[in-house]
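Whenever a hint applies, use it, and build me the whole structure from the sequences.
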Amino acid sequence: MSIDTTPRQSWWTRIAHPGQFTAWTTPWLKPLAVVTVLLFALGLWFAFFNSPEDYQLGDTVRIMYVHVPTAWLSQFIYAAMAVSAVGTLVWRHPMADVSMKAAAPLGATFTALALFTGSLWGRPTWGTFWEWDGRMTSTLVLLLIYLGIIALWRAFEDQLRAARVVAIFTLVGAVNIPIIKFSVDWWATLHQPASVFRPDGPRMPGSILTPLFVMLFAFTFLFFTLHLMGMHTEIKRRRLINLERRAAERGGAA
Amino acid sequence: MTGFSAIIMRDLRLALRSGGDALTLVLFFVMIGVVVPFAIGPDRELLARLAPGIVWIAAFLSMLLGLDRLFRTDHDDGTLLLLRSAQTPLAAVALAKMIAHWLLTAVPLIVATPLLAVMLAMDMQGFMRALVSLLIGTPALVALGAVGASVTVTIRRGGLIAPVLILPLAIPVLIFGVGAITTGPGPDQSGSALLLLAAISLITVALSPFAAGLAIASGED
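Respectively, the protein sequence lines represent chains Y and Z.
Using my numbering, the letters of the first sequence map in sequence onto residues 826 to 1079.
Using my numbering, the letters of the second sequence map in sequence onto residues 465 to 685.
For the record, the hints were derived by calculation from the structure and aren't laboratory data.
These numbers were taken from a predicted model, which means no experiment stands behind them.
Quick reminder that beta carbons are idealized off the backbone N, C-alpha and C, glycines included.
Some, not all, of what chain Y presents toward chain Z, calculated at C-beta under 10 Å:
#1 LEU914
#2 VAL966
#3 LEU967
#4 LEU968
#5 ARG989
Short derived list, chain Z residues pointing at chain Y, Cβ under 7 Å:
#6 VAL611
#7 VAL615
#8 ILE619
#9 ILE625
#10 VAL628
#11 LEU629
#12 PRO632
#13 ALA675
#14 LEU678
#15 ALA679
#16 SER682
Written out as structure tokens, the structure reads:
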């Protein structure tokens, strides 16, 4: 741990320094990973051995324990990116840039996983891998937006300038999130409507709800762990680029 | 003359005197309509059924293709830097450029729509609907395009990135644009589709100048 030499600064300002941020968050990394592994072990045990088959869907109901958490993350990560984007634009917080950049590939991966597990689930239950249903289409659009954001990050050479521009685009693309959320209510075609977070309580028995929630937390903690690691990697990458640039300048001067 | 109208006039004059660009875009628009019958066969009934989709795809692609010119040349010759220090706020500058861009790219396309209508065997009613839906929907395409163009303007070889960014966001425009033309089986919903298209256009045109202005301001320093 580094020594705090500026006692009057708040922690919010202090973690703006990449070194301080890394020092402050490194001790969190291992506990987060341990919690993730434990939650996955518990969740998978519940999902495979300690939850009933559905009376209609049979064993395929177990796909839900992967499908719902990845789909939840696909939207949660975008929300995290949008919050980081506000941090970049309003406070110009350097770690918000890094958070935004580290989240984009994770979001794309989890969205792709949600679509993939959804199509695996759809084949035996709906009889089709893909249907142009409201929620599927809007999730596909979300994946395209993620990929566009990644492409935009890669197109810029100066990452500091890229951050603000990407932040603006991230906030523009955020209009898709409510569309995904309410797509099942607006276009009632194939995907079932919300059945867990409802005003009148969940529409599932506890035997299925428990593993679902454990898996939800497991995947969310997996994201926290990977996101933090991604941020650390991004900080190191930036430091490396700076060092290389400085070395090149010195080489040019000599 | 205020700065706002001066920018519109300047863009129009520049494009009209250098010529060519708007005509090339119209050519591209018509060519897509010509190529599609070769791809799917010259069956008049099938073409008439697909015509709304083809017209909108052609307009969509043409608008995306022309997107890069919205701010690119002004960024390259330094005009955008001067506009930043002008009294007119950047959002107003972006709106003025969007209006000029719409007049230069969308209006020629709409004027050329009768050609496509004849080649794709549309009837009179479908043609009128296509005209109205293009007239109402293209401002939304320009508005979204302005966001994409302003975000990518500082990237030196960013020509392809802007369409890739904007395409997923513009899908609703495509859905309701085509919906406003087609009278499919079941009850006629083209009226409500047209209203939704108008709503999308109004919202995007109202908000995108601010996003574009912000993007230009933060990308340039």
